[in-house]
Amino acid sequence: MKIMTAVHALLAAASVSLALPGPASAADTIKIGEINSYSGLPSFTEPYRKGWQLAIEQVNAKGGVDGKKLEVISKDDGGKPADAVTAANELVSDDGVALLAGTFFSNVGLAVADFAKQKKVLFVAGEPLTDAITWSKGNRYTFRLRPSNYEQAAMLADEAAKLPAKRWSTIAPNYEYGQSAVAVFKKLLSAKRPDIQWVAEQWPPQGKIDAGAVLEAIDAAKPDAILNVEFGADLVKLVREGNTRGTFQGRSVVSFLTGEPEYLDPLKSETPAGWIVTGYPWYDVKTPEHEAFLKAYQDKYHDYPRLGSVVGYSLMNGIAAILAKAGSTDTDKMIAAAEGVAFDTPFGPVTFRAIDHQSTMGAFTGKTALKDGKGVLVDTVYHKGSDFMPSDAEVKTLRPQN
Amino acid sequence: MQLFVIQLLSGLASAASLFLVASGLSLIFGVTRIVNFAHGAFYMLGAYIAFTLTDRFSGPFGFWGGMVAAAIAVGLIGAAFEMLLLRRIYRAPELFQLLATFGATLVVEDLVLLIWGPDDLLAPRAPGLAGAVMVVGKRFPSYDLFLIVLGPVVLGLLWLILHRTRWGVLVRAATQDRDMVAALGVNQKWLFTGVFALGALLAGLGGALEAPRGAVNHAMDINIIVEIFVVVVIGGLGSIEGAFVASILVSLVNAFGILVLPRISLVLVFLLMAVVLVIRPWGLFGRKEGAARASGAVVVTPWRPLDRNGRLAALALVAVAALLPAVLGPYGLAVATEVAIFVLFAASLHLLASVGGLASFGHAAFLGLGCYGAALAMKALGLSMVPALIAGPLMAVAGAAIIGWFAVKLSGVYFAMLTLAFAQILWSIAFQWVPVTGGDNGLLGIWPSAWVASPARYYWLTLALVTLAVAGLRVVIFSPFGYALRAARDSDLRAEAIGIDRRLVQWRAFMIAGMSAGLAGALFAFLKGSVFPDTMGVSTSIDGLVMVLLGGVETVSGPIIGAVFYKTLSIWLVNHTDYSKLVLGLVIIALVLVFPAGVAGSFRWPGARAKARSRAPA
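For the record, the sequence lines run as chains A and B.
In terms of our numbering, the first sequence opens at residue 1 and continues consecutively.
In terms of our numbering, the second sequence opens at residue 403 and continues consecutively.
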């Protein structure tokens, strides 16, 4: 084992030293280091991987960036922040990647972001939703693609404010994502609607929801509306139990992420009707950008894209655009290029904001419905992410300014 | 009143599925004394097989037939697992079988992914029980009512089997004293196989019954395994009635607890277990384990401190390790640093588990306290790296003093579970106390000072501290204190007779082990630059045990070899295959079969000669 690691390290050291003498002698590839929770969260990461592979294939088919092919070296973090740091270390030290990308869980994203800051490497986060990664723990080396928790909460709060409901209750997984989703939603909705009351909250541990007991505890408070932040297997359990018990009847439900195929599709015939959700109606986005993406994806994989596919695809497109604009793999030049870079995504052109390194990519809201035994989104609207941000002055107070 | 009745029923329905799985675990433990980590995997397999069958064969017959067939299939898998694997290693040291079941769990996790794919699956609802009935004016799922009835029915059936059949009599006899049963000429092999199959069948049935009301997903095993251990321990190991009462207790306290404290579920079962174990050390229905007749013969060769040549060899090894920066790059050094840190972690657990005979399932708590101690010293107190490296172990030793004081009152699996409970309580504090610990988003920016910022220097610092600490642990092992610790492990009564205060000795050992793990944790924090609650999670504790067991419980140097081997292998595998769990699991199973005394211990296995020698002078 040790010998192999040593040989491996020596080879890597040799290749790095070959690559060092300057851009002229660098091989004709640019290496991108990618980290995600492949073994920990396959239902998201498999479509995600397909997405970025498609993007890389397309970029390279067009001749790459400045005549150089892009090469992605992908690592599994198993869902653990400490292992993600190990992987990041290997990518930067041994594989000599130009920048880091990826991650799903917020804490993994934050760990890699802090590593990037320490080692002065560019990190483009794909999925992590936590506001901290661009705001309270933001740093100049880290950018983030997906619309943040705050943006999604703001989109949903806009819709929720139109409802007549006055008594609200919340169900969210008991960790940072659930807590901050609820906190932001509450704050924004209460600001728009001072007349509403928050009558009950439930915080089941992630993966271990006791759905019946949770729903009855909510029901006992007689709310008019429910905010749900559960996803995955917990969501399925909650929905099944709620359908049987009739907890959702006569109540508005606003729900984070539920319209994403990753979480909506497993619900199948149990899909509740009329929930207001964020999501991705891949069957219903008729823009040219999306149709081209959809066709390419389906031709290559004979499967429909999930939101993860869009994230992976857009992430690598964004990185290609940064590299093209920077014309270099120097970190400072790439950061300068990334701020304000324009790139295409299946959701249309977006950019990374200079002020907080958040992309302007948006999300869809819509209502859930049951069609042919499957869940779909109807009445979908695309919201630009940047329209749901606080004012620039406020963002400056949220983010360390140095 | 309405809410009370409904919460009561909801709690009872949850209790029923918990009971099915837990009763199987309790049976298996009671008879075979195996801590069966694969029980969660059996549960998950039951759900997946039930999904496939009920999805394909619709209608009432297809559905209920599918449920039963899934349970039977898992029972057969359990029997095969016992016959092919566990049967070969019953003579290995206590807890060693845990390694095999852990390996099997890893294998099953990846197999499920390969066979059924990554997506969550929705099994059909039960025909005839798909809807709800009105109870006290509210809709209550009829399937839940069915579960509420099923729980006591299964309990009754198990009672009949255990009390009215010859096989059941033997099972109960073996639960009380399996050596005596063996001495009376009962074929233990088939008894064990039968019990294991029945236990697996119950787990499979529990999983199958869960399928129609949730999502079948590949985290089911992890999400239930710890909870059912807790239920079994609260009820009393080996007691079916205890498992029944405990599952009701856990579910009801949860159902009503969340009405008052919505965030309680995260930590509730562990609080409950800690309280029960502190008041009733052997669980509600459990009995003090019989004298350790079966495990008493475990240690076969007396340990000796390193002689002159041994010391030279150890020095040479450290020198070689110190030269690694000449050949390794920054990443290789980071891995080497991590390996060194886990060597210390494993060595500290070894002091407890092997030398003290106190296998802790919560040792990661002290690794975590070390991490947080160092991180908070830096973040909250503004200290620099060196004082932070001292603060880590200090915080760990403080925690160990408190936890150890309660824990050393127990022994065996109860000790293991109480340490697990405390570790989980600490974990949930780190997880929930966001203003101080940052919650699950952790504490960031814990990087080493400039003078050791380069990977090579940090590696040397780690290597130096780890070498000193491991050497210190060895000195402890061979000091009079170490002998007293081993005496207390081997014979409580005789140790007491010669004036050894067992609890005091073990309490001190607990603190030494905690402090060493805390040092490892502080070093780990600075290596990674950040601290997260998952460092003190169950899986880190299990990793530590796996390292100690792989190295060999009966050796002094085992944990070092085990840690180097396991850590390097798992990092390498994650890097080189998408199915690292499958390969790692198979490697562990293969090692268990080839080296039933651990990798290091096997240089002396089989120990027949050694046993005779060590017995003679006693």
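Simulated from the structure, these hints should not be mistaken for lab results.
Hints should not be assumed to be uniformly reliable.
[Stated by the list, open to error] 16 Å max Cα-Cα, derived EDC-like pairs, lysine to aspartate or glutamate:
1) A:K268 x B:D457
2) A:K50 x B:D980
3) A:K268 x B:D521
Flag every earlier hint the structure violates by its number, smallest first. none
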